[in-house]
Structure formats: C-alpha cells, structure tokens
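*Asks:* Residue numbers (the working numbering), protein chains in the order written: chain V, 1 to 276; chain S, 1001 to 1243.
Do not rely on the hints blindly, as some may be mistaken.
[To be verified] Covered stretches of chain V (in silico footprint by chain S; criterion: 3 or more residues with CB under 8 Å from a CB of chain S, positions within the stretch not fixed): (1) 23-32; (2) 187-199; (3) 240-252.
In short, the hints are calculated from the structure, not lab data. Note that the coordinates shown come from a computational prediction; the quantities given were computed from them, not determined experimentally. Heads up, the beta-carbon is just placed ideally off N, CA and C, and yes, glycines get one too.
Here are the chains, one letter per residue:
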Amino acid sequence: MKEFLLTIDRRIIFIFVALGVIIPSLATVRLPIPITEDVKAIYDTIEEVSAKNGTILISFDYGPGSMPEVQPMALAVLRHCFRKNVKVIGMSHWPTAVGLAQEAFDIASKEFGAQYGEDYTYLGYKPGGGSLVINMGRNFHDAFQKDLQGSNTTELPITKNINGLANFDYVICLAAGNTPDGIWIPFGQERYKFKFGLGCTAVMAPDQYPYLQSGQMNGMMGGLAGAAEYETLIETSGKAIAGMGAQSFVHLIIIAFIILGNVMYFLYGRQKGGAQ
Amino acid sequence: MSRDQIFFIVFFVVFVAINIYLFGSGSLSADWTGFGIFIAAGITLSLYSFLYKDNPLFKFAENLYVGVAAAYTLTQVWYTVLLADVVIPFSELDSESMSNLWLIVPSLLGLFMLTQLSSAKFSWLSRIAFAFVVGLGAGLAIPRTIAANVLAQLEPSMRPITATWEGLDLLIILVGVVTVLVYFFYSVEHTGPVGVASKIGIWFLMISFGASFGYTIMARLSLLIGRVGFLLEDWLVLPLPYF
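If we strip away everything but chain V, and leave its shape as in the complex, we get:
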C-alpha cells in the first residue's frame, strides 16, 4: 500500500478527475456563487450605460481553445446588453474569434430581438494590434470602413455617429492572450481614457490584477468562475454556472491528492532522500 501511494500512476489521478467532472455534471446539486466586486463593477457599468442609452465596444480576442471559459462571458454580457437596450459593436484582434463572436451575437440577438445595424454590429477581424487601436481612436470609420457583412460603417445607424474610441461609453475586452495589457491598455485606455473592463481566462487573471488596482480597468471576470458570477448577476443559467459544480468538486479532489502527496512525502519520501 505504501509503495502504491508513493508511486501512484498519473492515469489513476486522471480517472478521479474525469469522474469528478462527469458525476457533478449529471447531478442536480448546485453550489452558491458569491459575487465579487470586480465582476459586479462590469455589471454596474453596463447598467449605467443602459441608463443613458449608450454604446459599448466588445473586443472578442480568443479562440476555440479558450471557448469554454470566455464564450459564456460573451453570451452573458451580450444578453445583459440586449436586455437593457445597450448598443453593442464587436470586433476582434484574433482571427479565430470571428466564428465564435458571430455565434454569440446570433444567439443573444435572437433571444432579445436585437436588430442588426441598429442594436448591434460585428466588425470582424483586423490585424494591426496597437496601431489599429490608435487608428480607431483617431478615426473609427477609417479603421473599420465596413463591418463583417459588408455594410459601410458611415451609414449603419449604430456606427455612423462613432468617430473614435472616446465615443464609446464602455470598452470590454474578452481575451485569452495579451490583448488587454499589450494592446488595449497601453494604446487605447491610457491614450483615450475610456472606461475599460476585462473578461479573461483564469490563466491570465493574476497578471491583470495590477491594472485593476491602478484603475486602468474598472472590472474583471476571471475564468469560468467570473463568467458564472456574471450569469448569476443577470439571473440566467448558462454553461458557466453549470460547470461550477464540477469545478468545485475537482478542486477538492486535487487538494486531497496534494495533501496525500505531501503526507506521503513527509512520512516516507524524505527517508529516501527526496520526492519519489
């Protein structure tokens, strides 16, 4: 038994993790989801934008590899905006986000009857990174002359009065890479001083907290937990809330294995001169 515990096959741990995901997914137990201030700040800002019938920009900067974490955020934010009649303009720094963003717009707009061109539009992918953001700040219609469907941005009701980034009431970046701290904050927020919020993968979240503390962004959704909090705020049960039971259950399994590994190490591993 001692030898078995000191040399557990990693595939046994994988089986435990798989069961930890599958069983809670089939069960009907739901854990409470407390709301953090950082997520509430994004919700509150969209409520403020709604009060003045404003327009927000969402930058979809992710891909299929981060879809389970970020797509629920996109859907939750879009549902909130369309429910509150907030106009949404979408764009992407990542080409792999185009299909996912379009899908999110299609789902949310159908649910709330949002009209293309009046309530929302999606501009698609454009390369350039920082220089694109600077160009958007100086002359929005020059940076994006047409949206993804080929309509002129100078003619669409939702975009014709947008001259630059400063005209947006809020900018949200949904990211799986370096676009918030590498593009949006240095080239956009610092220069044009718009309100900026972030939804990002959990891997990115620790590196983004300094920007929250400095006020360069006013809110942040980190990973599936952040998406679940937003779904809770808008009282819509989506994929993020559904995944939180499994998330918590597997975390307990991993903590148990970490404790077991350390106990075995301190009991026996040290006698053999190190970790086994």
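Starting from the structure of chain V, add chain S where the hints point.
*Replies:* Positioned in the frame of chain V, the structure of chain S alone reads:
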C-alpha cells in the same frame, strides 16, 4: 498484439458502436449537424487518449487541428484584410478616384517581406520592410508601454497609507514591491537586513506563483468541463440538469 493495441482497437470499436446506436435511434440527426458532432466527439476523445499514452489517434487529431486552424486563419486574413483592404481598393482605382493610391506603399512593403524566402539576389529587400516594422513598432510601443505599465503602476504603489483596510492593502503591496525588488538586487550581499527583506520577497514570489498555479488549474479544468459537457450533452444527448 500488445495490450495497447488491444486497448485502442476496443476504444475504436466502442466509439463506432455508440455512434451507430446514436444515429440509429435518432439521438444524432442524420445531417451535417449530426455529422459535425460525431466528428467533434471523435477528435475530442482522440486528443484525450494522450492521457493514456501517446498514440497515432492523438497525433492525427493534433495535426488536423494545426492544419484546420492555419487554414481558418488564412481564410479570415484573405477575406477581411487582403481582399477587403488591398485587392478591392486597387480594383476600384480609376483616373477619377486615385485616393487609394497610397496603398501601394504598404502593399510593396508586404511583398518585400516575402522576398526573405527568395534567393539572396532579392532577399535584401525584406530588410527595408523589417526596418519599417521594427522602427514603427519600437516608436509606438516604448512610450506607451512605459506610460501604461511602469508610470501608471507606480502611482498606486505610492498612495498614502491610512489606518483602514484599504491602507492595509496598500501596505502589503508596498512591502511586496520593495522586498521583491531587494531580492532581485544582486549588487549587495543578501545578509543582515537585506537578507531578511530578500527572504520576505521570496515569500511574496512564492505566494504569487501559487496563485498563478491555482488559476492555471482552474483554467485547464474549465476546458475539460467544456469538452465533457459537449460529450455528455451534445454527443450522448444525456439530460444534464444545468448544462
């Protein structure tokens, strides 16, 4: 036949049998949507088969993903950038409307970059394009990065510390910044007060690494939950209460 070969043959047979049942019972529709789910489930399981052992199914799925992602990116770049911003504006040039003529400059620079792949006779042209990109990139990035990532980050570390919870947060941040900087200051021997500060800095770094690792586990599990949700709900059509 080895144990691994038997394992993968059984896996393949079970996968085919499940799909025959799903299509036969009407759980998966016999159209492109059903076919797409069948393919996606097969590729998902092939990729996760790596957890057992590296195998040809995993290699196939991995290479397929790289190829599909590259092709998808290329089509996006072609339709939204090259076609929309280069080809169409050039095709609309005529004697009356010459406003898009400036596009020749970036287009030529882009073509110069491709000469890197040619013989030495022409490859020197790529240096012009790279010099432009490096010069522009540095000019844009250096002032913006210093303003956003250094100066704007210094300001909150220097706020007055008060006897409140916010003040305690600021004190912790201040101690963290100073001690971690001391840890990375190698010009002085880490003994005495400097050694103490350096050790505190190590603790801050370790806590930071732990938080990053915890978040990384959460991220990877989220991806697993997403795929398991797809397999259970979309492929096996099981009634999941919350998905």
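*Asks:* Work down the list of hints and note, for each, if the structure agrees.
*Replies:* Hints versus structure:
Only residues whose beta carbon comes within less than 8 Å of a beta carbon in chain S count, and the stretch 23-32 of chain V has 5; three or more means the coverage holds. Coverage of the stretch 187-199 of chain V by chain S holds [criterion: at least 3 residues with CB-CB distance below 8 Å; count 4]. Note: the stretch 240-252 of chain V has 8 residues with beta-carbon separation from chain S under 8 Å; the three-residue rule is met and the coverage holds.
Every hint from the earlier list agrees with this structure, and none is contradicted.
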